[in-house]
Amino acid sequence: MSLLRVDNVDKSYGDEPVLNDVSFAMDRQQVEVIVGPSGSGKSTLLRCINRLTEIDSGEIYLDDEEIHSVDENELRRRVGMVFQDFNLFAHLTARGNITLGLREVLGLSTEEANAKADDYLDRVGLADQAKSYPAELSGGQQQRVGIARALAMDPELILFDEPTSALDPELIGEVLTVMEDLAEEGMTMLCVTHEMGFARSAADTITFLDDGEIIERGPPEQLFENPEHDRTRTFLGELTDLNR
Amino acid sequence: MEPGVLQATDWQFIFANRQTLLLGVVVTVLLTATSLTLGFALGFPAGAIEVYGDSWLASTVNTAGIVLRGTPIVVLIFLFHFGLPIPQLGTVPVIDMKLAVFVAAMLALGLRSAAYQGQVFRGSIQSISEGQLEAARSVGMSKRQAIRHVVFPQAVRRSLPGFQNEFTIVLKDTSVAIGIGLAELLTRAERLYLQPGRDTAVIEVLIVISMIYFVLTFTTNRALDYVHSRYAIPGGNS
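Chains as they are written, first to last, in the UniProt record's numbering: chain A, 1 to 244; chain B, 1 to 238.
By construction, these hints were calculated from the structure, which means they are not laboratory data. Note that CB positions come from ideal geometry on N, CA and C, so glycine has one too. Keep in mind that the hints are not guaranteed to be accurate.
Facing chain B, from chain A, some residues (calculated, C-beta under 7 Å) [unchecked claim]:
#1 Leu52
#2 Asn73
#3 Arg77
#4 Ala90
Partial selection, computed: residues in chain A whose CB lies under 10 Å from chain B [claimed, not checked]:
#5 Leu75
#6 Arg78
#7 Val79
#8 Phe83
#9 Gln84
#10 His91
#11 Leu92
#12 Asn97
#13 Gly101
#14 Leu102
#15 Glu104
#16 Tyr133
#17 Pro134
#18 Ala135
#19 Ala150
So that you can see chain B by itself, here it is in the shape it has in the complex (with noise of 0.2 Å):
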């Protein structure tokens, strides 16, 4: 058979490893939903602090910020997986997969994720009017209750937009992870086409897991769009 693009036999090539391809997504997926969650769970503070923290902790957190947020993505994953002394922590059976790459991964992406979340949240929480708090303190409430009741459920609704920018990109960029040879979607597609005769296969494996990346953040954008719909304040806009 002539080498070539889009052949029969390729396409058919994907299909009979598709479990690999999926086992890729679990691990895309397993990856994203923790750098996420540690990108908020980190970024959600750091975004209140910047705003109402002491300075020293507020410049603390905005000089991190500013660190991650320039150094490219691909240098963290490499400097949290050789620079960090992670344990060899086993690998997963099934999936394949080394805990410690995978936590060094999720580390590089959950911080940086951080940094970016952090400033969404710090935008929102000082687009809500001075007026607002100034009145919740007025009826008596302390700086606290003015600003668990009355800023944040604001500031996280208009988050909202933000973090489905953060969501799309944090899942995209899970696959620069193969630069440290975690088995996610990226890496399996590769190695499905480095094997001896299928690099006839390079652009179907591609096109194959764009679509498949493709899927995985448009489905969540609607639903995210749907939660921001959801809770959107009647009349409002945001």
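One chain only, chain A, in its complex shape (with noise of 0.2 Å):
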């Protein structure tokens, strides 16, 4: 059983179509890696499937269930996220930005709540930043905070939507080392990034998506060495040639 089955999904803006007709499942302890250029629809899909975004039409299961008869508080619980801009509380804490959650999500004490934090703090490695607040952080400290405020609300799944992608160069490793440890520890991770190496090295499979249709999913062996589109071929060319 799939853990995440998207069925035949249709997403437009207005007369912009973003979406069309995507279908894909992954299961459990999973890393999928979505890529494609921009505008393809890549965050519409991730934000589709924790409804911070309606599809047109389509299913999305979670867990055999159709997320849209779950409450979406419910599923979002479930479906952590962690955002490209990093979307930090400012008047919060690293610690208190993870607290929030758990203290009014998931009803756990201040003392709980705090010592949850912290073991996720310490697991992203920034146990040492309880106190600081966002400002006070690198954008590298940022993302890792993020994660693990995602993480903390114990996800079935995590959608990471381009994690990296307004970090400076030298603070992008950091953030893709807690994410390969993640994917390692076997987190079930559905990410859109155009880390190429993380896509190589974590990812089970990947999807290229372009003018909101999967045009080639697939191994990353497979789609990096042999893909069956030059479309593919040319994207991830150009990329990993960026990434370099």
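Please assemble the complex out of the two chains, which come individually in their own frames, going by the hints.
The following block contains the structure:
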């Protein structure tokens, strides 16, 4: 049974089609990387999965439950999200960013929430920054707090929306390391990213999305070495060159 | 003695009547505090409604704000004083203040302040990045929880400088209540120099009450500056 199944999803913004009959499924503990040119619908696809954006037609199943039949807050508790711009709560410390959801959504006591938050900060290498505010942290540190915030809710799946795109090049590595560790620990991850190194090493499956359609989908070796479509080859070739 | 300005006897006259002015200060401070409180109690939700309320409610609030902001404060005070059926509530002893007149002034200043405070708060809410709201929603918080725990705490901080302006404006504008005879600071000052033979003291009296208004605005603004820095977000710019 797939953890996530996306069936024939269509989405448009006004007259502009963004997703066109998108279908795929992923199992637990899988890491799926979605690549594609900007405007291809990658972010929209992620946002449809935790219902920050609503689809026009089709179905999305989490654990064999259609997500539109689940309470949206309950759905989002089970599906974490990491954002390109981090979106940390500016008025809360690193720890406070994590404990807010633990207390308000999971109902943990302050002590339980603090202990759990500190555990997760430790996991992303920020044990010593628990009391720092977002504006006092580097971009890489902020994003690691963002990952810890998502992780601490014990999600079944985490969506990564270009988590390193807003980072200075020298800060990308620390975030990718955390993501690779997560992948190794068996976290189910659906990542939109341009980091081809990460895609090659951590992804089980790569999906190439263009113009709102899945052009090609398969294991990294296949897409990098033997893509069926020229568009895939051209795009991945360009990205890989850029990453060098 | 030659009539003129800045005579020693005029200063002595003011000093002798210091209690009158002090009672005026009490009324002025009371009017400022109650008007600002009313303005906050109505303005805070008004700002939130303009951003988050359903369109009918939001446009009603918006229209009320436009009307209040577009009416001169003296006209508002007259309107409330002569137009509203405020019952005669008697007079407060010691400070010699007619309650009905006070209520009319408080409603005018308070409602107008609500219209401005609402704009301050609305702007602050809208300045908080949409992404933070989405991040709160994406851990499973309801919209209400996200607004309460993520947007409002930051919006209130960002509103403080605007509220400080509002405070200064309301405090000084309490003086327009002279138009309906409320015994606040300016009214009492005027009563002093309108006494027979005291017209030489006009400038001196006005200088003294200007200084009193200044001390009140200055000290309170400093106190609010402290609150602002005390609750500032470390490393942030608000």
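These are the hints, each one checked on the structure:
no. : hint   : result
1   : Leu52  : holds (6 Å)
2   : Asn73  : holds (5 Å)
3   : Arg77  : holds (3 Å)
4   : Ala90  : holds (6 Å)
5   : Leu75  : holds (8 Å)
6   : Arg78  : holds (8 Å)
7   : Val79  : holds (8 Å)
8   : Phe83  : holds (6 Å)
9   : Gln84  : holds (9 Å)
10  : His91  : holds (5 Å)
11  : Leu92  : holds (8 Å)
12  : Asn97  : holds (9 Å)
13  : Gly101 : holds (4 Å)
14  : Leu102 : holds (9 Å)
15  : Glu104 : holds (5 Å)
16  : Tyr133 : holds (5 Å)
17  : Pro134 : holds (7 Å)
18  : Ala135 : holds (3 Å)
19  : Ala150 : holds (7 Å)
Consistency with the previously given hints is maintained throughout, with no hint failing.
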